[in-house]
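**Q** Given next are the chains, with one letter for each unit.
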Amino acid sequence: MKTVLSTVRGVTRRTLLGSVAAGAALALSATPLLAQQVQGGTLRVAVLADIANFDPHQFSFVNATLIKNLYDSLIEYTPDGRAMPSLAESWTVAPDAKSVTLKLRGGVKFHSGGTLDAEAVAANFKKASDPRLGKNLFPTMSIVQDWTVVDPSTIRLNFKNPVPERQITDLLQFTTIIDPAGIETVEQRPAGSGAYTLAERVVGQRIRLTANPNYWRPNEPVSKEVVITIFSQDQAATAALESGGVDVIYGGTARSASRLKAAGYPVLDGPGPLVQVFRINSTRGPFRNAKFREAFNFLMDRENILRIGYAGLGQVVALPWAPSSPAHDPGYARTYGFNLDKARELLRQSGLSPAEMNDWKLTVNAGDQPSVAISQLVQQTLRRVNITIELDMKEGSELVNSMLEGRFDALFGGIGNIQKFPSRVATNSIYRTANNPVLKDPHPHPEYVDAIRRVDTTLGSGPEVKAAYDHLNRTLIQAAFGIPTNTYDQGIIVTAKTVAGFTLDMDNMLVLRTTGFRR
Amino acid sequence: MTPVLPSAALASAARVVRRVLAQPAAAVSVAFLLAITVLAFTAGLLGLDPLEQDMLAMLEGPSAAYPFGTDELGRDILARVIFGARTSLTTAAGAVLLAAAIGVPMGLVAGFFGGWRDVALMRVVDLMLALPGIMLALALIAVLGRSQSAALVAVGLTGVPTFARVARAQVLSLRKRDFVTAVEAFGATSSYSMFRTILPNSWSPILTQMVVLSSVAILLEAALAFLGVGIPPPTPSWGEMLRTGKEYLYDAPTYAVLPGVALTLTILSFDTIGRALSSVLEGRDTAVPQPRAERA
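Same order as they appear, the protein sequences are chains A and B.
Start counting the first sequence at 69; every next residue gets the next number (this note's numbering).
Start counting the second sequence at 544; every next residue gets the next number (this note's numbering).
If we strip away everything but chain A, and leave its shape as in the complex, we get:
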């Protein structure tokens, strides 16, 4: 399948119809094979937090348990980042890259019995482009000018400017479709077309899903019922898996996952991890000094940060990309590895006095044990280069306000959207190119803003695109207002040995439609 798509991209990079059809055929042909391997039953899933609401446009991690089970997206990505049809059977990007035309799948029914059509998709675009209702989808819609319903099964999205192909598919993959009849009440009542329907919810305790009998994917879902139990403690969920009380743990801690993995339990980490970033407020204290900031590229003991914070589950990185990102370049992690001598040299070049170098605090998310541990590791590392700092422990709204109002010198915080089009990194607060809540306007690193703009405006798939990505990577290292250390997975899946058939989601959401029990 990879070969098919690569060839298509090389020949007609803007017209994906052929590749999509091929992908669809392969995707559908995989189902009978899966059916031979797994069988249905009642799947018991342990999670560590209840959902926030049923709105699939709100990508809070707690909602990731349900979004892809109650709803479908317009398209999906394979774990290695290839676009695949879903509710959109095909999509065609205009030659000028200023629009994309979607052909919707026929015969798709919402749980209410309503039919998926172009008007339904248009209603979702309307919600997504409303700053009050669009939630996490709203920033992604910023590239969209308007949309046109061509016919009941065709809709065209028009863009403000020419848009790179990957950015278009990101938008389509991000867009989960809500039944227009349920948009108003979607926070309280799910209104999707997904493989499962909501049967019961006991707030704070459990959610029960039953198979959607009219689901459009043949032979799916495999399991006819899913019971999601909310555990307050990771250890309790772990004990439940070990004692056979649950079949799957979703979103447990890396340490428990690591221990269970060692005990022989299958552990799945998806293609959409987060990246831990040492966020630097370059408008404050010694961090105004570029050389001082650059030294932190070498002051991060990434291997030990990964080990201590995340039980080694993840990868060390020096750039804010997941391995599936087109801008991922593992060479940087080697070049900018932990090196106290290089750090000392940059600190010397900064010209700052010892008192100036010590004049800042490391804010710590006190409610997140990995952050507490890795912050103490960094604090101790800094002592080795004669920088003595205090930890400023914060949590809850106090922490969020500090983060979003830029009232910190430095802190560790995870960022998402790092597996998709590189400029999507700018949806994270510290990486925003405009209205940056930490660095403020005008952006203190215009070279970074230019690098993002270059990525956004370099169309195609040739060497010029690679050059734009390389330029962005170099700029990120030099600007050094965010020092990535490692990837980590918030949505780790640990399963009983009897469970198989997981579909890995690009955003590491839980997808259960193909999951069942080994025959």
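Computed Cβ-Cβ distance ranges for the label pairs, DEER-style:
(1) GLU310(A) with PRO567(B): 44 to 52 Å
(2) ARG666(B) with PRO199(A): 49 to 57 Å
(3) ARG666(B) with ALA502(A): 52 to 60 Å
(4) LYS292(A) with VAL804(B): 48 to 56 Å
(5) VAL468(A) with ALA731(B): 58 to 66 Å
(6) VAL468(A) with GLY590(B): 41 to 49 Å
(7) GLU466(A) with ALA731(B): 50 to 58 Å
(8) PRO422(A) with ALA608(B): 29 to 37 Å
(9) GLU532(A) with ALA682(B): 57 to 65 Å
(10) ALA117(A) with ALA608(B): 33 to 41 Å
(11) LEU589(B) with LYS410(A): 35 to 43 Å
Hints are computed from structural coordinates only; laboratory data are not their basis.
Just so you know, even glycine gets a beta-carbon here, dropped at the ideal spot from N, CA and C.
Given chain A, put chain B in place with the hints provided.
**A** Chain B only, in chain A's frame:
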């Protein structure tokens, strides 16, 4: 009215100590507290470093190199338990002194003057008592921020009402006694009567409260740390170790268990000594009913 002679006071104190130590449980408790106090304040001389990280020895069990094992950053749990004692004991001592320094004068003034002063001060005490101690401490830390001094103040203020009530009760029982009336008849000022006549004769219950409240203060400091609002890391604290250690209970059971044991034994020791002291002091009062000023 003549002040108590130092030698008489010393002899009286020595008698109390002897009678407390005559109780086996109290003697063991005193020995434990002495040992842990000496260790806590001399640990640096023993070469123990609670901050030293050994990345090759994370979450290891007890060994010759690390008798209590290591934590998630490869730090020596024994060193952290011992230095954690320093945190707990200094915070508790400071908090109890602060509580007594505020609460005792409050109680003295309220009991001595009565009237609107008594009503006003006791309503303040009622207000403080109406709030659970932990809630009051959490609110104070939210205002003061996380630090040892903030924890000390927060824990200390929660103890103020107890001292105020004990001191007031003592004043009310002594206020109309002959020796107080006599001192006033000789023209003593209010402050002289309160602080030089009544207070010296009120020490027994106050002292007992100080010991008992020490255990409460240690527990409250640990509770604040366990809730994540205590002294910030990397300063070792038993409550913080319990909080973090429970995350690694499977990998390193000693991490949470040993600070818990140290905390329990310390609280138990203070409590045992407090009970012993109370019984001894009450016994002395029965045996020698005359107030010290009159005896002198």
